[in-house]
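Residue numbers (the numbering used here), protein chains in the order written: chain A, 1 to 268; chain B, 1 to 268; chain C, 1 to 268.
Calculated from the structure, these hints are not laboratory results. One should not assume that every hint holds.
[Stated by the list, open to error] A short list of chain C residues far from chain A (calculated; beta carbon distances all over 12 Å):
1) A128
2) R147
3) R166
4) E247
5) D252
[What the hints assert, rightly or not] Output of the computed footprint for chain A on chain B, the stretches with three or more beta carbons under 8 Å from beta carbons of chain A:
6) 15-27
7) 57-63
8) 109-118
9) 168-179
10) 245-259
Since we're looking at a predicted model, the values are computed, not measured. We treat Cβ as the ideally placed atom computed from N, Cα and C, and that holds for glycine.
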Amino acid sequence: MLFAPAVRPDLITKMPATGADAIVIDLEDATPPNAKAQGRNNLQAAMRELADSIPVLARINDPTTPWYRDDINALPPGLAGIVVPKIETVEGLDQLSHDLGLFEGFIVGGIETALGVADSRALLAHRAIDAAYFGAEDFMADMGGVRTEANHEVAYARSQVALAARLGSIVVVDQIVADFRDDARFERECVEAKAIGYRGKLCIHPSQVAIANRCFLPTPDEVDRAERLVAAYVEAQAAGVASIAFEGQMVDEPVAAQARRVIELASD
Amino acid sequence: MLFAPAVRPDLITKMPATGADAIVIDLEDATPPNAKAQGRNNLQAAMRELADSIPVLARINDPTTPWYRDDINALPPGLAGIVVPKIETVEGLDQLSHDLGLFEGFIVGGIETALGVADSRALLAHRAIDAAYFGAEDFMADMGGVRTEANHEVAYARSQVALAARLGSIVVVDQIVADFRDDARFERECVEAKAIGYRGKLCIHPSQVAIANRCFLPTPDEVDRAERLVAAYVEAQAAGVASIAFEGQMVDEPVAAQARRVIELASD
Amino acid sequence: MLFAPAVRPDLITKMPATGADAIVIDLEDATPPNAKAQGRNNLQAAMRELADSIPVLARINDPTTPWYRDDINALPPGLAGIVVPKIETVEGLDQLSHDLGLFEGFIVGGIETALGVADSRALLAHRAIDAAYFGAEDFMADMGGVRTEANHEVAYARSQVALAARLGSIVVVDQIVADFRDDARFERECVEAKAIGYRGKLCIHPSQVAIANRCFLPTPDEVDRAERLVAAYVEAQAAGVASIAFEGQMVDEPVAAQARRVIELASD
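Next up, chain A with everything else stripped away, as it sits in the complex (with noise of 0.2 Å):
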């Protein structure tokens, strides 16, 4: 999931080849207020220019916004989802349902305040959400923090977020990466999020979108043990045993089940 400023039209042009398996055009963070309806009208000229080559989705303004109920009309025929950003409140979510009317996009809902990690769990069971991002710049602006490279300050909001996605069964994104130069902090935050449980990485930049591709599929060592620990524990099964060392690792069940998850997301 790839983002690009609404007001960058010469950004947007490019994002088809950048590999990434959406791109979500930003009418929020990245789009000033003095341009927020030349914003929506770029949007609308990508759409026409991108839809058949990638996904498109859109980050509108979020519902305490002035710009929340313009970016709603606004919305192109053929978008492929909309993200909303710092969910808070089942109420905002109920209302935005209600707003979004017959719109058949996917929802991605951001997870950025304080409110919002607190209260993540009811927020992301709610019917009108069908994925979620964690905002780790937004959340620590809003709990007076500091941002670092060793993400201690965020460990207990990124897991509890992915926990609350678990609960609601939607799939979950990690934080972006704001230094964009940085490749190996990013290589090492998708090791991070993928061991929590995220399923993807939100990317600004296009060369973090191989890096995020390639961390979040198991390698071919990975798939080739998984595959041979299975087969074992198969065999094992089969002649009356559930337990069993494998390569000097105990498997039972909950491993196996990790094994096939292995296999499972690389053929997808």
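Based on these hints, arrange chains B and C on the given structure of chain A.
Showing chains B and C alone in chain A's frame:
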């Protein structure tokens, strides 16, 4: 607490010699679907053979499985307790209480799913539950994440479960280490778990038992320091002071309470 | 916020010279049971001596103790506030409000038990509480865990309490470092706490005050960078762009908001 597959009577026989506090004969993950009946028979045999030398518990299949009823009906007399995996709802625990009827053994509940972690406070305060464990492998399989040596991906859940256990006034035991050859990891995890508030560690191999026993009891040096600290604190209190410098550390009531606990644990 | 035992008037006298924002005269953990009355007398004397030079607060014994009533009745006029340790229940805070009657000082609540952490959201949103601190030593004593330098065992609680404070719109202050000779640890914990969203650190020794003051305020370099970042962002917005590359980092609204906060903190 040392686990042994119910389908491996050869291993079960060796358990009393391992130094474990108790053994758990596993009818769940370590016993395959086609051998559940055999597992129950082995449990009965093991009880006759071992119950005089060590407390024997059985891990049954969870209430949502087709084996649960038969497991409950096959609990042998004299069983020290049962381990109930994947506890998730208060209703499920109410049902468990009802199903167990007059069973007088100890009941250990496993928190090892997303829902179990999220609702651990209510679950571990339930009257049906006498102790608990955190099951990292199953939890991460349920989250769709990846288990790592660093344990960052379970840090949130592991702490939340320890807190829930404290609020429910029950003892809680930490996750397994599946790689039973990696004693260094096992020892490191014992230290982590003890710091968080866990009281022991699930063992899946006899070699892990001695490490757990050593780690969860204070060392002579720790006991010695705690005794000197408490003595200095008591002396200061008698002189009307409750906050002293002891070997460069400020000691007041909570620090003294931690030292008293070290002495108490060592004398258990 | 620098703590001094109420039974050590020799130390209390030196407090104004330490550079602390406020001093807390401790009638609780640092005053032994047999010296509570003496502690209250010393508090009265300290108020007369120091109240003109520095804000003075008193930490009282918690409402479940036999000393609480006498502490409340002995609060001297002109006290800047009180620190209430181990707040745990909404009912307890209702009672506290009632007991304090027309007391107009600042009320700082201590979250330092398992129950306090678990219910911190409700506690820190209570109208009786104006600020809070997280007490790691008492919390871990209550959990039956072990305090370590790495602070992993308090990571969950420390983040949860910061989040609760943000939701209650109050300032929260971080745990003590009991080893008052270990300046490196104190400084590291200041950086950690500031990142999470804490606004200060409890000090138990005058040498810790300068470190805290330095760490919780932005450095000149940080202020300088923040000013340049905000200037570039404002210029871009005027030109109709709200997402820019600044020294290799993507800057949009939340990143700019963090920079504005740095400038604001520095000018307080």
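field: Violating hint indices (sorted, rising)
entry: Going through the list in order, the structure violates hints 3, 4, 5, 6, 7, 10 and respects the others.
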